[in-house]
Structures are given as structure tokens and as C-alpha cells.
Amino acid sequence: MTTLANGGTSGLVNIQPPRLDPFKGVKKVPLEEFFTSGHRTCQGCESALVMKMMVKAAGPRTVVLGSTGCMYVANTTYYSTSWVVPWMHTQLGSSGSAALGAAAGLKAIMRKGKIKDEPINVIAFCGDGGGADMGLSAISATLTHPDYNLLILMYDNESYANTDIQLSGSTPYGAHTTFSPPGKVRRIMHHRWKKNMAGMLAAGHPTCRYIATVDMSYGMHAMNTVRKALSIGGPTFIHSLDPCPKGWDYDPILSHELGELAVKCGVWPLYEVEDGVVRLMGKTKEIASGRAKRLPVREYLLKQGRFAHFTDEDIDYFQGKIDEMWERWLVPGVIPLRKEIEADRPPA
Amino acid sequence: MAHATATKVEETKGADKTALITGSEAIAVACKLADVDVITAYPIRPYDTVMQYVAKLVANGEMDCEYIVAEAEHSQFEIVKHASAVGARVFTGSSGVGWMHAFEALTVTPALRIPMVAMVGNRALDDPGAFGVEHNDALAVRDLGWQLVWVDSAQEALDTALIAYRVAEDKRVFLPCAISCDGAFLTHSQALVRIPAQEKVRAFLPPYDRAKLLLHPDNPITVAPQANEDWVMEIRRQNHEAMERAVKVIGEAYADFERTFGRSYGNPFFEEYETADADVVLVGMGTVSTPIKVGIRELRKEGKKVGFVRVRWFRPFAADELAATLSRFRAVGVVDRDFSFGSPYRSGVLATEIRAAMYPSAKRPPVLGFIGGLGGREVTVPDVRRMTESTLLAAEGKAQPPTQWIGLRE
Chain U
1 MTTLANGGTS GLVNIQPPRL DPFKGVKKVP LEEFFTSGHR TCQGCESALV MKMMVKAAGP
61 RTVVLGSTGC MYVANTTYYS TSWVVPWMHT QLGSSGSAAL GAAAGLKAIM RKGKIKDEPI
121 NVIAFCGDGG GADMGLSAIS ATLTHPDYNL LILMYDNESY ANTDIQLSGS TPYGAHTTFS
181 PPGKVRRIMH HRWKKNMAGM LAAGHPTCRY IATVDMSYGM HAMNTVRKAL SIGGPTFIHS
241 LDPCPKGWDY DPILSHELGE LAVKCGVWPL YEVEDGVVRL MGKTKEIASG RAKRLPVREY
301 LLKQGRFAHF TDEDIDYFQG KIDEMWERWL VPGVIPLRKE IEADRPPA
Chain F
1 MAHATATKVE ETKGADKTAL ITGSEAIAVA CKLADVDVIT AYPIRPYDTV MQYVAKLVAN
61 GEMDCEYIVA EAEHSQFEIV KHASAVGARV FTGSSGVGWM HAFEALTVTP ALRIPMVAMV
121 GNRALDDPGA FGVEHNDALA VRDLGWQLVW VDSAQEALDT ALIAYRVAED KRVFLPCAIS
181 CDGAFLTHSQ ALVRIPAQEK VRAFLPPYDR AKLLLHPDNP ITVAPQANED WVMEIRRQNH
241 EAMERAVKVI GEAYADFERT FGRSYGNPFF EEYETADADV VLVGMGTVST PIKVGIRELR
301 KEGKKVGFVR VRWFRPFAAD ELAATLSRFR AVGVVDRDFS FGSPYRSGVL ATEIRAAMYP
361 SAKRPPVLGF IGGLGGREVT VPDVRRMTES TLLAAEGKAQ PPTQWIGLRE
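For the protein sequence lines, the chains are U and F, in the order given. Residue numbers for the first sequence, in the working numbering: 1 to 348. Residue numbers for the second sequence, in the working numbering: 1 to 410.
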């Protein structure tokens, strides 16, 4: 038996993950692009930036599998694909299966000498609908397979943004979507709290070596997170929060600022879980260690039309839930387990 | 009949072996012989026995493949779809509602030109709970671009699996193929099977070469982009043309199979039994052939000239050839182990297809539909007698109901 770098074993052979050291500063980032012109994403689309930086970080020896969503429909118009690397569509709920299948296929035919044995990055991406809703089961299964090197990246613009902004399991509490419009009788149609995808996957998949959150307002960190995820071996998962001008209803010029505010207000904690060790990253680490002050969520919420119907009471409730995440969770910002029962009192 | 393409059958070392194995095990052995690279399993009776045999082959080091236990059938088919896209030979399968759980993946696989080979252990689409055979599971994909073949013995299951890889991976085709094996009657029944020597299989089945469609950094293509109304019609047409070419490729594959392995299946698309002098024939798919053939032997002793046509390839459907053959008889009784609710004449799927195929024929004998053996109920020799008698009456011009349920508790 051979012991794999990722701690798994195989009776046959180990396909090594690539070695991708972090980019040491923005000037060291290669100029070459692998996600280029030809797409028709919205102005200010942060998910398009995710695609661009994800594949820039991965480099040319990469296969990308994209499940249905904005980043499929907007990026691959026939005859004007924006992908320089090989790219294949996968079904809405199949990012986990796509990554697993491609990685297993490459592993088998490399082992048998049917193609050249070399590290090839396998990345499957999904939106929050494809990932946190429909694809959760397959992503979960894939993260339990230590023998395949792959990355699943969930670009989370917090709604089914491609199909007209319908709420997903990753849409924040109270947000106005086409399936949760504020009305004359019911101000808040969407009472569900956003799924804690990265934390859930980290807690539930003890052999998965690397799970992280990113946000393209912190692009260098995001790219180096992708490089680490691809190098560490085994299946990995990255959850990116992507401000979406169309779905969140704001001026596209604010995308970058909203991405920063999500972190600065403590709504979107940046962290990585490597071999079970939790590390808060960047601005989130500064907030947690008291070096930076956590801003009120009001700053973040009121810049977005999707929360325009919020009353002060709604904002206070939202703030309370974020405070809870930082003050009550046993692993603040990551795992919502706590020491004692607390009542939840959403506004009427 | 098409002609063989191999210029000569290479001298092969190693002898065939004979083993007492089930239909499922025969397909597992075929996967080993075909050197399949990636296999995905998920439990559902009765197909899943094939995956139990594969697991043993892998555990014992007799087979080198990535053997992945998926978390659902949808993932089973999506995993191998992507493995095939990067150049791996793949195998998977399912039964009944498991096959239906994978339906979205099944739908897209032909359009992606993925030569996946899958086993369907045919099973009723419960509810209500039923493990037994029905053909509605595999037939549900009949309009989607899958090649569909039914077999009726463990030997034919093994041989057809090898043929399926050969046909599916032919660049003229590049379409998936599902091999239907009747649940229990074939998946779980043992028979003596000749297992061909590895060298013969190597001579018959070239390596999978995805060529221009390979998903690899050396061939950076974009697969399945947004084509919409601009191109979807042309792409559907290409799929249709591939299915058309499959007719010829299937013929070549069976001819080469005979030259390589020395076993002949005659006409690849359908088998004829006692048809030379028959007045009427029954038509069916799968293991219903056993009671029908036994019944025919009894009826012939009584002087009734009855034959049987067993359809193997349902897609592509050999409409012209079947129509030409069936128009020789005075009446045709189609035995469907499936049912299509609300369909023309409230028939089974096969009966409807046969009626459609025969419509342009100059000579059109009456075509009766029989629904039998649903949910795994046995089709018995007395059932065969009843169906034959009705078909004989139709041949004599005595009106019969277009569809009759056989063996139904009234």
C-alpha cells in the first residue's frame, strides 16, 4: 500500500497534486488570463471576477467544470466562450460529481499509462443554488473521497441570479427576491437564515483537508486560497461571497465596497480550516483579535435595495444574529454550536 | 447484414473458460475484460449485484479501475459522464426508480456524445413496492439518444456488453448504450457462460479514443455551451445522424464479434425462432423468450405454426427489417413487459413501435398487443398459449381486442 500525501492510501499509485506556491504580492501575479473576453456578465459582477481569479491562480494545466447558473449561461455563448482552459458544463446539482468523475477518470488513465502522468487541476464550480441547495449531497459525498485531488468552488451571489433572482438556501434573512417580495401584509417573506455552507462542510467531513471562505474584494487572498486548495491534496472546498448588482439591487460601482463591508461588518467571516485547524484570515482576524472594530450591519444592509423594506427592528434582529455568531458560537464565525439554549425572536 | 471490418482476426493466445455465473456477473466479467477505468455503484435491486461482483474483482486485484460508491444515482451517472469526457472508459447502471433518479444525467449524456455503457436491471417503477422486472424504466429514455438493447441470457449479456463498448465508442457513433437485463430472471439466474480470453477481447475492442472531444489541457475545448435556437436544432440533427450510423456500426460489430469469438447472433437487431413456416408470431424482448419458446415447442406438437421474434436493439430500432419480417405472417402478437398509459390502443411501448414500423408495409397483418409479466409476475406457458390462440384467431379474421392483459387477476 502506498500512503498518499493526503493521508489516504491506495494499493496502486498516487497521483500527486500540483505544487502551487502562493503569489508573493500582486506584482508576482502572472499577466496571462485564462478567463477572457466573450462573456456577457453584468457590469460589476463579482462572480465573473471569481472565475477570472480562480483560473488565473490555477494556471493552464486545469480542467474547469461549471454547473448551471450565471457562470454557465453568461460565460459560454456558443462560438464566443470566455474559457481558455478546457471547460465543460455540468448539471445544476453536479459540481461534486463532475469534479469527482474528472479527477477519477484522469487518475485511472494516468495510472494505466493511457495518458501522460502529470498534475492536472480539476475545479468544479457551482452557484449557491447549485451548491448549497441542489448539489449539497454530491458535494458532501465528494469531500469524503480522499483519493482524488479536486477543488469545488461555490460562488455565492445569494440567489438564483441567472433565472431572475429567486431565493436560495443561501439568501440572507429577509432579502427581497422574486420569490420573496415584500408585500402589503407580509413585509418579510423569507424567514430562513442563510446556510453556513463552509462551516457545515468543515464540521461534517473530517478527512477533507481544506475548506475556506473568500471574497473577491480581497483578491490576492482569494487567489492564494485557490492555490493552496489545489496543492494540498484530496478534495477541497472554497466558498466565495459575491456581491451581485442585479440581485442585491445596488449601483455596480459599489461591488468592491460591498464585498469589503460584508467582511468588515462581520457578516462574511474569512477563514480557512486546514486539517481541522481553524484560522481566521485577513480583516476577519483583525476584528476577532480586537485590532479592528466590527462595523454595524446597517452600513452593509442599507446600501442594498434588497433590504430597502427593512425596518429598524429588522436591522436590529439581523445585527443580533451577527452578534450571536461572534459572541455565542463555540467557534465564532465558523460553527454555530453553543453552550446553552438561546431564544430566537424574529420581528413580527 | 453488414460486413466485418477487421481485415483478419489476430492469432490469440489463451483459451476461453466456462463458468456458472449470473447475468449480472457476466456483465461484471465483461467490464473486467474491457479494462473499464471508472465504475460507479449505488445500491438498488436487482442491477446492483453487478456492482457487488465488480467490487470483488477490484478487491481481489483482478481488475484495475476507480470503483466509486456514489451517494445517489444522479451522481453515479454524472461521475462517469465526466470521467468519460476526460478519456476514461466507464461503466455504471441502475434499476427502476433508481434509473429515474438519474434521469437528468441520462438526458444530457447522449447530447454530450459520451459513450457510456450502463446496465439496466429492469425493474418495476414502484410505488407500489416491487422488485420484479418491467421494461418501463429503460424505455423511459427511448426518445433521448440512448442506444437500448435487451438480452435474454448471461452469455448474451457478456457478449453484448463487449459489443456495446465497441459500438458506443466508435467515433461514428459516440452515443451511450444501456443494456437491459430482466430483473431476477436474468440478473440473478446462473447459467454456463463462455468467458473469452483477454487477448481476443483486446483484438475486438480498440482503446477508447475521445480524440477531438477530449477534455484535457492539451485540447482546451468548451463542452456544452449555450447554443439556444441558433444551433440546438443542428446539434439534435447530428445526434440523430450518429444514431443512424449506429445501425451500420452495430452490424459491423456483430460480424467482427463472430470472427473474433466464433459465436454468432445472426441478425443483430432481432432473433427469429421457428419463423420459417410460421403463420403467426409473438414478439417480445428479454427473458420472456424462455416461456414463449417452450410454449411454441408445445404448440407446434399440436400442429400450430407459431414462431417468435425477439427484439434485441430497441434503439436504433430496425423498423424496415422488422416490418419486412413481420409482414410475412398472418398475425403478430406483441408481448410487452411494460405499459404506456393512455397510449394508442392503450398498448405497451413495443406494440406501438411495431405498429408504427409496419404502417408503410404493403402487407399489414393484424398486430395485437399483450400486456404481461408486470411487476415481475411470471409469464407462464399457459399464458403463451392464450396469447397464441388469440393471435391465431386474428389471423383467421376474427376480431380480437387490440390490447389484452395476460395473467391479470380479474
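Hints in this document: simulated from the structure, not taken from any laboratory. Quick caveat, the model's predicted, so the values are computed rather than measured. Where hints are given, some of them may not hold.
With a cut-off of at most 30 Å between alpha-carbon atoms, the simulated DSSO-like pairs for lysine-lysine come out as follows [as the list claims (entries may be wrong)]:
| # | chain 1 | residue 1 | chain 2 | residue 2 |
| --- | --- | --- | --- | --- |
| 1 | U | K339 | U | K195 |
| 2 | F | K32 | U | K56 |
| 3 | F | K56 | U | K114 |
| 4 | U | K184 | U | K195 |
| 5 | F | K248 | U | K114 |
| 6 | U | K52 | U | K184 |
| 7 | F | K304 | U | K114 |
| 8 | U | K184 | U | K114 |
Among the chain F residues that face chain U by a calculated CB cut under 7 Å, a handful are [as the list claims (entries may be wrong)]:
| # | residue |
| --- | --- |
| 9 | E66 |
| 10 | S75 |
| 11 | P225 |
| 12 | W231 |
| 13 | M233 |
Cβ atoms here follow ideal geometry from the backbone N, Cα and C, with glycine treated the same way.
Comparing the hints with the structure gives:
no.	hint	result
1	U:K339 x U:K195	holds, 20 Å
2	F:K32 x U:K56	violated, 40 Å
3	F:K56 x U:K114	holds, 24 Å
4	U:K184 x U:K195	holds, 28 Å
5	F:K248 x U:K114	holds, 29 Å
6	U:K52 x U:K184	violated, 42 Å
7	F:K304 x U:K114	violated, 57 Å
8	U:K184 x U:K114	violated, 64 Å
9	E66	holds, 4 Å
10	S75	holds, 4 Å
11	P225	holds, 4 Å
12	W231	holds, 6 Å
13	M233	violated, 13 Å
Hints 2, 6, 7, 8, 13 from the earlier list are contradicted by this structure; the remaining hints agree with it.
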